[in-house]
Amino acid sequence: MRRRAFLKGIGAIGAVALLDIKVLAKDTKPKGKNAITFKKALEVITNGKGAKTSDKVKLIVPEIAENGAVVPVKVNVEEPIENVKSIHILATKNSNARCADVFLTPRNGRAYFATRIKLGQSQDVVAVAVLKDGSAIMASRPVKVTIGGCG
Amino acid sequence: MNIDRRDFLHIAAALGIFGVSGLKASKRADDISAEDIMDFKETGKVTLLHICDLHAHLKPLYWREPSTLLSAPNLVGTPGFLCGKAFLEFYGIKPNTLEAYFDTYLNFESLAKKFGKMGGVAHMKTVIEEIRRERGKDNVLLLDSGDTWQGTAVALKTAGEAIVDAQNYLGVDVMVGHWEFTYGKERVMELLDKLNADFISQNIIDNDPFSDSFEEVVFPPYAIKEAGGAKIGIIGQSFPFTSTANPKRFTEGWSFGLRLDTLQGYVDELRKEKKVDCVVLLSHDGFSVDQEVARKVRGIDFILSGHTHDPGPRPVTINGTTIVIAGSHGKFVGRLDIDISKGKVRDFNYKLIPIASNLIKADKKGLELVDKWYRPYRKELNKVIGKTKGTLYKRDTFYSTFDALIGEAIRDKMDCEISFTPGYRWGTTLLPGDDILVDNVYEMTAITYADVYTFELKGARIAQLLEDIADNVFNPNPLYQQGGDMSRLVGVSYDIKISEKSGKRIKNLKINGKEIDLNRDYVVSAWGGNLQNAGKNLRENLIEPVYDVVTKYVEKKGKIDISNRSNVNVLDFDCGCPKKGGICE
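Those protein sequences? They're chains V and Y, same order as listed. Here my numbering is used: the first residue of the first sequence is 1, the next is one more, and so on. Here my numbering is used: the first residue of the second sequence is 152, the next is one more, and so on.
In isolation and in its complexed conformation, chain Y is listed as follows (with noise of 0.2 Å):
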């Protein structure tokens, strides 16, 4: 495919209720054009192309970034941890460009309908063409850091098919996994069959003392690939905490874990007896567990990370190792041109690729393909089922709108005193206004095991387990975080200091404005997680899969409007998105 100036799309400044003042250049901040986008100031021979997390959104979609980002003291402000102005600041970013529409949640709803959906297959298949047809095709590698085949309607329904067959399509080299393991390792192994790419990781091992491959690993490692005259290894780290965040059942018979002591082993392995020029990880560690594995494992070159869904405009260099991370739902291509020589890494640059679906033409053959695996649900899916009056979103560390909808939902329908949803970061964002469709439900709850369970849980496991999620978001130490956001809670609200040591973060805590009793059993109704394990008296009769009930309840109330007001009152932070040091402006 060879693209000329006509092809791209231009967005002039039509507006001036944006404030561009103090801007360098003379051109306005918000005139831009896909040529702006795809400029990029090559270097070396070899060019890799990242993406992470798509999240089966084969179409574009509006993604919002989060308002809340809240950690551990010594974590807040770096990397990771950045949100809304503190994200502009440290990245350097103008407010209201198409970057800063990209990366932060501010002025979104303005911003949105000015530049548009982001993401799209079609849209990145021809980001990704331009580049290789510039760089040469055998010079140029297109790596995907997994959680690509779980999150919409359409993935669901054809049990990831759909996005395989996208994969190829944009052409994948290699790949690794985490909810992808949710279609069960039988369905992983049919997938991986019609996959045109290397599945790697090095931190699955056969875990069944009665297998021949007792403690072996399940995939391969690595891979070598040479592109641009140079060797380059690369291997495989799916997400270490599979078996703890989802259901062990789909990987039963495998161990995860971060698995360091045999990472440094490959690295090592790669190095002197394969001889290649460059070792790049391929990760779904998250972000900021990445930046830990750069500081404990020697001679990596390239981090290629996942699963937290940062945006990272400005790539993150610890003892050597280079880490970049390329967002969510398909928002983003991460451009690695790499200088290599005589058997080392010389120069790199990296640009962060805004997929802006308004400025980018969409490859037809894509828009086909997006259309083939749509075309039998169409019906179904399109179906709009009500109108939201704010911003529907999902994000932020407690609480977004589209939980809350989810939770009332749950809560009307099972009549439960306190629901839990899980504090994912997949899903959609809605603008005021819009529709609701079927396939936007679906964009927030399409899992394998969506079932709502019903049960009771005693006041004391419940304020426990509250505790034990904090730490698994709010650990200080980043190896001891599995990377999600706080479940979200309708019927409880608390007060939270996060720099509290494990166990002691949550005060103050209510079940429908009364003190909790912790000797009491309360209702409870749970998805996306094993909650239900830990309680008795499940509701048998009450289990349904949570798009079902959240799609009847909007059917049901037609006119959708959600408070922004959290549940949750954090005492240690005076704002969602402070800077180094927890200052807030």
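For reference, chain V alone in the conformation it holds in the complex (with noise of 0.2 Å):
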């Protein structure tokens, strides 16, 4: 779920959004409102117009998670920081596939983003930077999340 959208929820449901929280917290899975599928995410962040794969955008997951909870992730966008506009990060799979969005300026030196993300199962991680003319290039990399134990 998105920060926003979240705290739009409590204010407006008010004290019995507590409630709903301690319930949600009990369950492992966000249901309904909550899920944001990939599809859907690429679409609202590229305003319809989908991402082209390029070798600019450099992803850096590692190939078997150590811990699913917590999979570091780090994006660099080769392209100078007055072209990039913003960084996204989106798991595939997960019920919310948004992770990050990282909107930057020119005085953020460059397109640089690292970050940890939880990862519900195995599956792909896509980084999406949406460029200054509106267009949008990515790069998706597996992720393996595994309960391990070979020699």
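Any given hint could be a false lead.
With beta-carbon atoms standing in for the labels, derived distance ranges [what the hints assert, rightly or not]:
1) 116(V) to 628(Y): 21 to 31 Å
2) 52(V) to 694(Y): 27 to 37 Å
3) 52(V) to 494(Y): 40 to 50 Å
4) 611(Y) to 116(V): 45 to 55 Å
5) 81(V) to 671(Y): 53 to 63 Å
6) 468(Y) to 74(V): 26 to 36 Å
7) 669(Y) to 105(V): 47 to 57 Å
8) 669(Y) to 132(V): 45 to 55 Å
9) 81(V) to 240(Y): 55 to 65 Å
10) 494(Y) to 109(V): 30 to 40 Å
11) 424(Y) to 109(V): 16 to 26 Å
12) 424(Y) to 74(V): 42 to 52 Å
13) 186(Y) to 116(V): 35 to 45 Å
14) 653(Y) to 74(V): 18 to 28 Å
Among the chain Y residues that face chain V by a calculated CB cut under 7 Å, a handful are [said to hold, decoys possible]:
15) 241
16) 243
17) 394
18) 395
19) 412
20) 619
21) 630
22) 631
Keep in mind the hints are simulated off the structure, nothing from the lab. Please read all numbers here as calculations on a predicted model, not as lab measurements. Where is the CB? At the ideal position from N, CA and C, for every residue including glycine.
Combine both chains into one complex, guided by the hints.
Spelled out as structure tokens, the structure:
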């Protein structure tokens, strides 16, 4: 769930919302309205235009996650900072595919962002960069979430 | 040490029972001497000697290579996924030779009687010193790809110290790690203080946000060594999946991973800034993973691989990077001679030297070293607890007899419906009629987290777990494999279609002869992994180290007779050792 949407929800429902949060916390899988599919998220981010796979988006993720709850993701967009409006990180099979939206200005110096995301299962992680001209470029990498166990 | 002809022993062709027709040499294939073993065409001025996956075997042992080594169809029959006849054919090795004995399971029992045990540090030392003498001490480096400190009772009981002593004796110059870490971070640091070698790893990163060195490498990423007048840059790659394959608690605060982006960075740094003449990756990635690394990272001359225990008699060259791997359990020393001039590798020659302990004289100091470390435990470890009717071995993709014995022992003690034993690739081999010693049980189970846990697991979870493990073993992309074999299960049978996509490979899953009930809780016993964390109602009063469980069971039974019949039916391959394209003879 996007932070803004979440806060708005609490405001609207008021006191009842607190109860809802408890229920939500118990339940591991967000249901109903919380679900944002990858397709839908990509549509919203790119204004319906979609994104083209590009070598300019360097996405660094582990091949096999050490801990699915905190998977390190690094994105470096090899474009002048003036040319990059935003970086978005998506997880294709999470209930909410939209993990991070980062809006940049030239004062950021370069189009680079690193964070940790939670992955519910093995899936593709996608980084999208929206450029100044409104077009979008992306890179995708599979990340395996596993109980592990060989020697 | 100067070794002359007399120091080498010789096995004449005593028996005429082996089919040796079709040999090109006038000499019989089974007539071999240590001189043949050492025979080598010197190249250049630099020699890298390579060992990997010793698994703490200070003494010679029998080690039978797999009779089933299956993988995704695109990988079957390629180096890393070859066994038996397909292996002999790929590498052009004649049956019933010393090489065939060391590299495959074929005729193992009769060849074992003829050629004897393999490895042992005292025998390795003789070979290593002979090469040092021949090439000049300063021109030879001994590199160790790890999985050295763990695997035997003497390693476990001395918390790795006996093995570090043996490494110092052999003169290891540089090493990386995997099972080393299962002694825990603190012990690793203590042992590294005792070790006279560089421990390097570009892919172990401090992951503790409160640490001063957050996001920095824990160990030096590389070492630069001078040998034969050349500058050799050696980058370390420890096992990338240590924190998922082994308990996280041992390496809390450290992050692993392949980290090919930083690896590329170090290769470039060594070449451009440090001006080395040759870049070597000392790796515990696994043989097939390192072939992928060669495809993805530019500028590495040689990868000295490890982890997957493959004997690699011939190097593999991909995109200008040459990959070698030297088997396991001390069976081999890899010799790589390199001709370097004007800052470039011009030529090389490689040989996988078999440590045939009946042909190579043991170094006296080595025998003393082994004796020193075994002495306090000799009585306990040499105790005979039973006798085996058939060969007890570890390896194979789904089933091996020693694992079946362990599973049987666990079921007998824990009264569980299912037992899980990990698909490790280390252990030992006992020949038909051999006594079973306490030491042998440890050779199969000596780990720092040996407890058997008994708990309940839902049918659906078991089914999902098996799919998960199958994907670690059979993923068509080596970068997503963890390099072990399938977990061994007792009480479970299934069919598997290896070529099927992830999550859909396992069919006809049965628990004790009945179709699995996805909604029922099953009583499961497991060791050597973290399955217990996925279960519930842990039987705390039943927790016991697996080596004790197995020792008591063998003592109780006396005579051990384990069936060779696998509990797994493979749907898409007709044999255990197919050639490329999945072809069986």
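Cross-check of the supplied hints:
The hinted range of 21 to 31 Å is satisfied by residue 116(V) and residue 628(Y), whose Cβ atoms lie roughly 24 Å apart. Between residue 52(V) and residue 694(Y) the C-beta distance comes to about 55 Å, which lies outside the given range of 27 to 37 Å. Restraint check, residue 52(V) to residue 494(Y): a C-beta distance of roughly 41 Å satisfies the suggested window 40 to 50 Å. Look at residue 611(Y) against residue 116(V): about 29 Å separates their beta carbons, and that is not inside 45 to 55 Å.
Distance hint check for residue 81(V) and residue 671(Y): the Cβ-Cβ separation is about 58 Å, which falls inside the suggested range of 53 to 63 Å. Separated by about 32 Å at the C-beta atoms, residue 468(Y) and residue 74(V) satisfy the suggested range of 26 to 36 Å. Between residue 669(Y) and residue 105(V) the C-beta distance comes to about 53 Å, which sits within the given range of 47 to 57 Å. Our hint of 45 to 55 Å for residue 669(Y) and residue 132(V) holds, since their Cβ atoms are close to 53 Å apart.
Remark: the range hint 55 to 65 Å for residue 81(V) to residue 240(Y) is upheld by a beta-carbon distance near 57 Å. Roughly 37 Å separates the CB atoms of residue 494(Y) and residue 109(V), a value that falls within the hinted 30 to 40 Å. The supplied range of 16 to 26 Å is met by residue 424(Y) and residue 109(V), whose beta-carbon atoms lie about 25 Å from each other. Evaluation of the 42 to 52 Å hint for residue 424(Y) and residue 74(V) yields a failure: the beta carbon distance comes to about 23 Å.
The beta-carbon spacing between residue 186(Y) and residue 116(V), approximately 58 Å, falls outside the hinted interval of 35 to 45 Å. For the hinted restraint 18 to 28 Å between residue 653(Y) and residue 74(V), the CB-CB distance of approximately 26 Å keeps it satisfied. With its C-beta approaching chain V no nearer than about 24 Å, residue 241(Y) sits outside the 7 Å limit, and its interface hint is violated. Interface restraint check for residue 243(Y): the shortest CB-CB distance to chain V comes to about 31 Å, outside 7 Å, so the restraint is violated.
Below 7 Å, beta-carbon pairs count as interface contacts, and residue 394(Y) has one with chain V at about 5 Å; its hint therefore holds. Interface hint at residue 395(Y): satisfied, since its Cβ lies 3 Å from the closest Cβ of chain V, which is below the 7 Å cut-off. At a threshold of 7 Å, the smallest CB-CB gap from residue 412(Y) to chain V is about 6 Å, leaving the interface hint in force. The closest approach between the C-beta of residue 619(Y) and any C-beta of chain V is roughly 6 Å, which is under the 7 Å cut-off, so the hint is satisfied.
Interface hint status for residue 630(Y): upheld, as the beta-carbon distance to the closest one in chain V is roughly 5 Å, under 7 Å. For the restraint placing residue 631(Y) at the interface with chain V, the shortest Cβ-Cβ distance is roughly 5 Å, inside the 7 Å limit, so the hint holds.
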